[in-house]
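J.: Chains as they are written, first to last, in the numbering used here: chain F, 2 to 325; chain R, 2 to 325.
Quick caveat, the hints were computed from the structure, so don't treat them as lab data.
A couple of the hints might just be wrong.
Copies of the same chain are indistinguishable here, so a pair counts whether it falls within one copy or spans any two.
What the hints assert, rightly or not - In silico DSS-like cross-links for lysine-lysine, where the CA-CA straight-line distance does not exceed 25 Å: (1) K60 / K101; (2) K16 / K237; (3) K88 / K19; (4) K60 / K237; (5) K88 / K237; (6) K16 / K60; (7) K60 / K19; (8) K101 / K237; (9) K237 / K19; (10) K60 / K88; (11) K19 / K101.
Here the structure is a predicted model, which is why all the values come from computation and not from measurement.
Number of protein chains: 2
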Amino acid sequence: MPAGPLMIIGGAEDKLRKRTILTEFVEASGGPDARIAVIATASSLGPEVVEVYDALFRKLGAAEVVSVRPQSREDAHDPELVAELEKATGVFMTGGNQLKLSAVVCGTPFGDAIVAAHQRGVVVAGTSAGASIQSSHMVAFGGPGSTPKQRMTQVAAGLGLLRSSVIDQHFDQRNRYGRLLMIVSQSPSLLGIGVDEDTAAVVEERDGHEVMRVVGRGAVTVLDPSRIVTNAYEAKRSSPLLSSGVVLHVLPAGSRFDLTDRVLLTEPARHDPEEAAELAEVTRDLQRMARDIAADDVGPAELRRRQARRHHRTEPPHQDGATA
Amino acid sequence: MPAGPLMIIGGAEDKLRKRTILTEFVEASGGPDARIAVIATASSLGPEVVEVYDALFRKLGAAEVVSVRPQSREDAHDPELVAELEKATGVFMTGGNQLKLSAVVCGTPFGDAIVAAHQRGVVVAGTSAGASIQSSHMVAFGGPGSTPKQRMTQVAAGLGLLRSSVIDQHFDQRNRYGRLLMIVSQSPSLLGIGVDEDTAAVVEERDGHEVMRVVGRGAVTVLDPSRIVTNAYEAKRSSPLLSSGVVLHVLPAGSRFDLTDRVLLTEPARHDPEEAAELAEVTRDLQRMARDIAADDVGPAELRRRQARRHHRTEPPHQDGATA
Chain F
2 MPAGPLMIIG GAEDKLRKRT ILTEFVEASG GPDARIAVIA TASSLGPEVV EVYDALFRKL
62 GAAEVVSVRP QSREDAHDPE LVAELEKATG VFMTGGNQLK LSAVVCGTPF GDAIVAAHQR
122 GVVVAGTSAG ASIQSSHMVA FGGPGSTPKQ RMTQVAAGLG LLRSSVIDQH FDQRNRYGRL
182 LMIVSQSPSL LGIGVDEDTA AVVEERDGHE VMRVVGRGAV TVLDPSRIVT NAYEAKRSSP
242 LLSSGVVLHV LPAGSRFDLT DRVLLTEPAR HDPEEAAELA EVTRDLQRMA RDIAADDVGP
302 AELRRRQARR HHRTEPPHQD GATA
Chain R
2 MPAGPLMIIG GAEDKLRKRT ILTEFVEASG GPDARIAVIA TASSLGPEVV EVYDALFRKL
62 GAAEVVSVRP QSREDAHDPE LVAELEKATG VFMTGGNQLK LSAVVCGTPF GDAIVAAHQR
122 GVVVAGTSAG ASIQSSHMVA FGGPGSTPKQ RMTQVAAGLG LLRSSVIDQH FDQRNRYGRL
182 LMIVSQSPSL LGIGVDEDTA AVVEERDGHE VMRVVGRGAV TVLDPSRIVT NAYEAKRSSP
242 LLSSGVVLHV LPAGSRFDLT DRVLLTEPAR HDPEEAAELA EVTRDLQRMA RDIAADDVGP
302 AELRRRQARR HHRTEPPHQD GATA
């Protein structure tokens, strides 16, 4: 059985209108058969947040929604909470403080059960803090700014559902290029992934590759530092970093990207239907002209005049060919 | 005579403490022989702004500072104002509204005189709006955000002192990746240059290449869209753009970058003096060991013991060689 999809949501996903992302999550969880576990450990408003998602997921057709909210590493060893994850067909991690979330769950039976759910094919989704924790390396906290500066952010260990990566969220809205660039400059084996609000990176395994599809209103920004030239190993505290040669991919909804090979998967080109209809007409005209030349041996100028008359009269071709 | 240096300043340059950038500008203008023309057309507080720079440049050693502030295209045809630029050894354009600046000066005798000053070797500097106008294509205005979105910004014609480029300023502070990415996605022949506050891109001509050096507290971000894959020619109004494969260079103070070939110019590696001293000592030890082996024919273990004793006693080498 292949691993389940990951849904990495950049925060502030639409809950009132089209609900594109949450609808896709409920469907991936099994729709009318869905049994969704909501993990609100990151949030300081746990019960209230669970209530919102409970109502939403049921409205979108889920059969059952349960709250599993360990508040300490001791809770995260509770077999009853772990058992809830074993029965889930979908896991959803809320926003809040990602360092609290990772500090409570990573490396516990509860954390292992999230990883196991993913591995047995269950969809694992998370928004904001719940997005960050999915990567192997997690942005713990850090300030805004476009320019990477030494020590402007900190890395902690995430769940590692997504290999060799670091995820950041609220990317468009909170000016987070700097902190993501700092991390990939210091760790160029990682791929930096910045997810905008109301946007999800949906990652699925395809032939051993992690393939990402973008859903929602914003974009997913990928920073590939494979060929970086940097001074991040020696720059002084708070000084801007040299980060030269990072390859940047901004990917709006509908884009597909191979995270393993780090390449855009291009779609077949879209055709404009009007342009196609026009081209078909020109092709018919040229074919008719060729037939006329063969039949009458008249000059091209006379043929163009005949064509103009045909278009003007808009008669069907087999008739006006005879009267020309 | 080669063209003069350009100083492209990202706004809010330090005026009270080290004044690194303004000091370099006054020196490039000729120091005690400097005759600086301040162009405050962009600013709504023209006379006050001129007063500030007048005081600063004189304090930094300039002989003379003159205000030249056309307020209309008619002013920009005034031969007296043009004559001031012809006598200047340095030109400084203030911040403010860059679209007002370009609308008043570009394509007038006054604008031509700025270009002519640059071409005869005079340093031309500008901060904020005065930075933007130096590129061939100018960001006219536009909102913040990290993700490029269709029509989030507008392009107007700049002075073109810097070829095939678009400059943005306050880059770190005002979350301007999005608008610069939108412009290079629509115009992939341009190089996008984002300059942080209190930071300058100093561009000089070297063997027909435009070579940039970074000065100041922040960084200069270069976006090279040469190999971009984008949908910017067909994306709908306000939707995020596909901008895949843009090469990103973040360049702090001291970096040098060839804007013509779009490559980082690397410096010789810096050596840590402590590490160098240690290496020299190891090298001396190894040479001594080789001499000892040749003289005594003893085993390496015994030699290492002798070396340990030497270090312990810290005697000069020519003596302890005899007593070992």
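J.: The structure should be examined with respect to each hint, and the outcome stated for every one.
T.: Results of checking the hints against the structure:
1. K60 / K101: Answer is neither: 30 Å inside a copy and 54 Å across each miss the 25 Å cutoff.
2. K16 / K237: between (44 Å within a copy, 24 Å between copies)
3. K88 / K19: Neither. Shortest intra-copy (29 Å) and inter-copy (64 Å) distances fail the 25 Å Cα cut-off.
4. K60 / K237: Classified as neither: same-chain Cα gap 53 Å, cross-chain 31 Å, threshold 25 Å.
5. K88 / K237: neither (50 Å within a copy, 43 Å between copies)
6. K16 / K60: Within one copy only: 11 Å inside, 59 Å across.
7. K60 / K19: Result: close within a single copy only, 13 Å intra versus 62 Å inter.
8. K101 / K237: neither (29 Å within a copy, 40 Å between copies)
9. K237 / K19: Result: close only across copies, 19 Å inter versus 47 Å intra.
10. K60 / K88: within (21 Å within a copy, 75 Å between copies)
11. K19 / K101: Answer is neither: 31 Å inside a copy and 42 Å across each miss the 25 Å cutoff.
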